Amino acid sequence: MKLSRHKVHLVESALGGQAQAPIAAQLGASSGRQDGFETSQVEVPGNKIFVRRCGSGPAILLVHGFPRTSLMWRMLAPQLAESHTVICVDLRAYGQSGIPASTDDHFPYSKRAMAKELLDVMAALGFPTFTLIGHDRGGRVSYRLALDHPKSVERLAVFDVIPILEAWSRSDARFAQTYWPWILLSQKAPLPESYLRGSPEAVFHNPFGQGSFGPEILKEYLSTYRDPARVHGICEEYRAAATIDVEHDRADKEASKRIECPMLHLWAEGGPLDMFYAIDGGPLGIWRQWAPRVHGQAMKGGHFFPEENPDETASLVEQFLSA
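Here this note's numbering is used: the first residue of the sequence shown is 1, the next is one more, and so on.
Since the hints were derived computationally from the structure, they do not count as laboratory data. It is possible that part of the hints are untrue.
[Unchecked claim] Estimated spans, in silico, between C-beta atoms of each pair:
no., residue 1, residue 2, range
1, 311, 56, 31 to 37 angstroms
2, 168, 278, 27 to 33 angstroms
3, 316, 251, 15 to 21 angstroms
4, 293, 318, 14 to 20 angstroms
5, 56, 219, 44 to 50 angstroms
6, 38, 101, 28 to 34 angstroms
The structure presented is a predicted model; accordingly, all values stated were derived computationally and were not measured. Glycine included, C-beta positions come from ideal geometry on N, C-alpha and C.
Could you put together the complete structure from these sequences and hints?
Structure below.
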């Protein structure tokens with residue numbers, strides 16, 4: 001495989017070697033197979049992005065959301081890797097990726113900037129085109145990438161989110177009480193950073209954080225929130241979502257820009273997207289304003305169904321890829 005001018009530095013495989021052996025063991029046990037992940041730090045302009053990779057064939061890029069890392073794909077990725085090269089990234093500031101400095105307008109943590117960074121990662125790995133799958137914040141980075149770089153995205157899957165502009169334009173007290181990270185983490189520094197650093201465990205004890213994983217996986221997730229610089233970066237992304245990301249979405253909507261590739265949208269059965277937007281035709285009704293080729297359905301497993309219900313998720317993704 002010929003690499004571009006961006007450098008790719010391979011590091012230890014099996015999720016970082018002996019120091020993370022318990023996690024690697026849980027990966028093997030959870031997926032029913034050896035972990036099979038190779039890890040790397042991919043250099044892109046102004047940053048390094050941590051990557052987990054498995055499989056071979058056409059490329060799929062998996063992008064996590066808050067408060068997870070690329071580790072959330074540990075049970076889904078090996079299933080997709082039976083016929084594809086699967087690339088799982090840590091978004092900037094999360095996990096083991098770099099933490100670029102922000103600016104007053106929060107642009108370095110805008111979905112546009114983060115999407116371009118992931119495009120550079122895939123180019124560095126030798127994949128100018130790919131299928132793109134994102135969950136939560138990663139879903140928003142993913143639809144932005146599809147809008148900004150349509151020739152690079154063959155197919156798009158977005159899990160349990162609607163476009164940022166559409167979410168804010170429908171926000172009310174119910175929205176604020178449910179989507180607490182949107183409200184809290186977008187406040188001016190240092191208030192949200194102080195809360196998030198002060199009790200990171202609390203993030204994983206509510207519907208937008210909890211999961212059935214064991215203590216080793218939780219420890220890995222929590223490591224992000226032990227680092228003040230990472231916490232600041234995460235809050236900057238939420239500030240971008242309340243400001244500059246809205247501007248980018250609004251400009252595209254006013255210009256009637258659409259996601260033209262095939263799109264799959266899956267959302268949590270009984271969750272906010274399943275309950276809040278009936279007047280709009282549900283989440284699919286909203287997405288059809290942005291992506292005329294979208295289809296999808298509700299999923300069992302809560303907000304983190306890719307992690308909690310990986311087999312059904314893999315089956316639907318595989319159907320989507322083969323359609």
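Consistency of the hints with the structure:
no., hint, in the structure
1, 311 to 56: 31 to 37 angstroms, "violated, 22 angstroms"
2, 168 to 278: 27 to 33 angstroms, "violated, 19 angstroms"
3, 316 to 251: 15 to 21 angstroms, "violated, 32 angstroms"
4, 293 to 318: 14 to 20 angstroms, "holds, 18 angstroms"
5, 56 to 219: 44 to 50 angstroms, "violated, 31 angstroms"
6, 38 to 101: 28 to 34 angstroms, "holds, 30 angstroms"
Checked against the numbered hints given earlier, the structure breaks hints 1, 2, 3, 5 and satisfies all the rest.
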